[in-house]
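J.: In the order they appear, the protein sequences are chains A and B.
All the letters of the first sequence, read from the start, carry residue numbers 1 to 366 under my numbering.
All the letters of the second sequence, read from the start, carry residue numbers 1 to 73 under my numbering.
If you're looking for bench data, these hints aren't it; they were derived computationally from the structure.
Glycine included, every Cβ here is placed at the ideal spot set by N, Cα and C.
You can take every hint at face value.
When the alpha-carbon atoms are kept at most 20 Å apart in a straight line, the in silico EDC-like pairs for lysine to aspartate or glutamate are as follows:
#: 1; chain 1: A; residue 1: 68; chain 2: A; residue 2: 139
#: 2; chain 1: B; residue 1: 72; chain 2: A; residue 2: 331
#: 3; chain 1: A; residue 1: 185; chain 2: A; residue 2: 242
#: 4; chain 1: A; residue 1: 6; chain 2: A; residue 2: 301
#: 5; chain 1: A; residue 1: 4; chain 2: A; residue 2: 301
#: 6; chain 1: B; residue 1: 72; chain 2: A; residue 2: 178
#: 7; chain 1: A; residue 1: 68; chain 2: A; residue 2: 209
#: 8; chain 1: A; residue 1: 212; chain 2: A; residue 2: 139
#: 9; chain 1: B; residue 1: 65; chain 2: A; residue 2: 326
#: 10; chain 1: B; residue 1: 72; chain 2: A; residue 2: 37
#: 11; chain 1: B; residue 1: 32; chain 2: A; residue 2: 301
#: 12; chain 1: B; residue 1: 72; chain 2: A; residue 2: 242
#: 13; chain 1: A; residue 1: 84; chain 2: A; residue 2: 301
#: 14; chain 1: B; residue 1: 72; chain 2: A; residue 2: 326
#: 15; chain 1: B; residue 1: 65; chain 2: A; residue 2: 331
#: 16; chain 1: A; residue 1: 212; chain 2: A; residue 2: 59
#: 17; chain 1: B; residue 1: 32; chain 2: A; residue 2: 3
Here are some chain B residues pointing at chain A (derived, C-beta under 7 Å):
#: 18; residue: 28
#: 19; residue: 35
#: 20; residue: 38
#: 21; residue: 42
#: 22; residue: 46
#: 23; residue: 54
#: 24; residue: 55
#: 25; residue: 57
#: 26; residue: 67
#: 27; residue: 71
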Amino acid sequence: MLEKGKISAFQMAVLMYPTIVATALLTVPSITAAYADNDLWLSPIWASLIGFVTVLVVDALHRRYPQKTIIQYSEHILGKLLGKAFGAFLMLLYVLLTALVVRIYAEFLVGSFLTQTPIVVVISTMLLLCAFAVRGGVEVIARAATAFSPFFVLPLLLLIVLLFTDFQLDRIFPIMADGVGPSLKGALIPQGWFTEYMLLAFLLPFLTDREKGRKWGVLSVFAVMLTLLISNLIVLFLFGTDVATMLYPLMAAARYVSFADFFENLESLVMAIWIMGAFIKISVFYYATALGSAQLLNLSDYRPIVLPLGFLITLFSFWSIPSLMETSKFDVAVFPFLGPLVLTLLPLLLLLLSFVRPARQEGKSS
Amino acid sequence: MRWGVTLGVTLLVLLIILFELPALRQKPLRDKIAFFSLLLCGWVLAQFDLPNMAGPVTWLNELFKPWGNLMKK
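Pulled out of the complex, with its shape left as it was, chain A reads as follows:
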């Protein structure tokens, strides 16, 4: 076994929460609003359905192949050659996804706060920090997540309390003026984020209480859905349909706070907390990439390849991405389709195949 650490199912759920929410809170409300107008708060509900499906599929696969990650059981199910090809494809995709997450994090930081800092510095320092967390193993990341996650919920509650007097609650009407269509189309964006729950395929094997994995996975999806719903409602009540024209609406909401001449410029606090979330998100993606690659290449340990992978991820975060335009184009036109296809549909296909070809697989292993 490459990873000797163990986490509880609860820790796994807490770990996944910032992993999905961290970047989803940033740009998703405005992109959703562009399609759903004032129904944008409904979109996370539709979108979460694919999150539940993903968790159930990954959990069912794990029940059939306990203690194995998707890289290992795909070899069982598809055979050696096809399984390796699938694994290699998945790992390349994970390097790319990690790189995109880092890039979006860095673009946001450089764009709003560190305007004079070269972006490569922001990217490489964050990756170096995450590299040490990843080398520490799944336990370290999980403990960091349990320590940070309470702070991650705090700014959202704070925003509700401090901005409540500015809310125009009637902006929610008319609900579904043009039917469910717009909110469904808006859901295409956040559902890509929910498919990232496929990462559970790398975490479930290390649970101490495996039978609770499904319960906590589903609860985690539910918590993410609720968070996105609330944050979408906040920006809707505050800005109305103008949300669609903003780049980072929730950050704008934090900037909007001016309470008792004391609570001002809260965006710096939100930013600090948000960096913690980004740290968890990048670490989990990075960890899945490192562990998966080591299993794919049959290495004895994943730690030696963590830094070389980080170097590659840094390069991938620049490769064919000249500006923020490219990443948002990817978020809108590629990921809503790529995510469900690769992160939900392919595991589902693996699951179905594992039912079709059980005899051969047992014959092989004996």
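Keeping the supplied structure of chain A fixed, place chain B upon it in accordance with the hints.
T.: Showing chain B alone in chain A's frame:
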């Protein structure tokens, strides 16, 4: 060629090797090959003008174009 970048990247690769070498010595050959080939891949990639070169994001954009057009307003 951008010599500054080449020099910097080479230095970075050397630092990573120096950092990992003590632990890597005891690992099987397979691990060492993986470690050095990943670094080599990175070193070679870093020599290009990556941001303005077609890459995975461009390819995926092309691949999903028909569906991406659905999202146009």
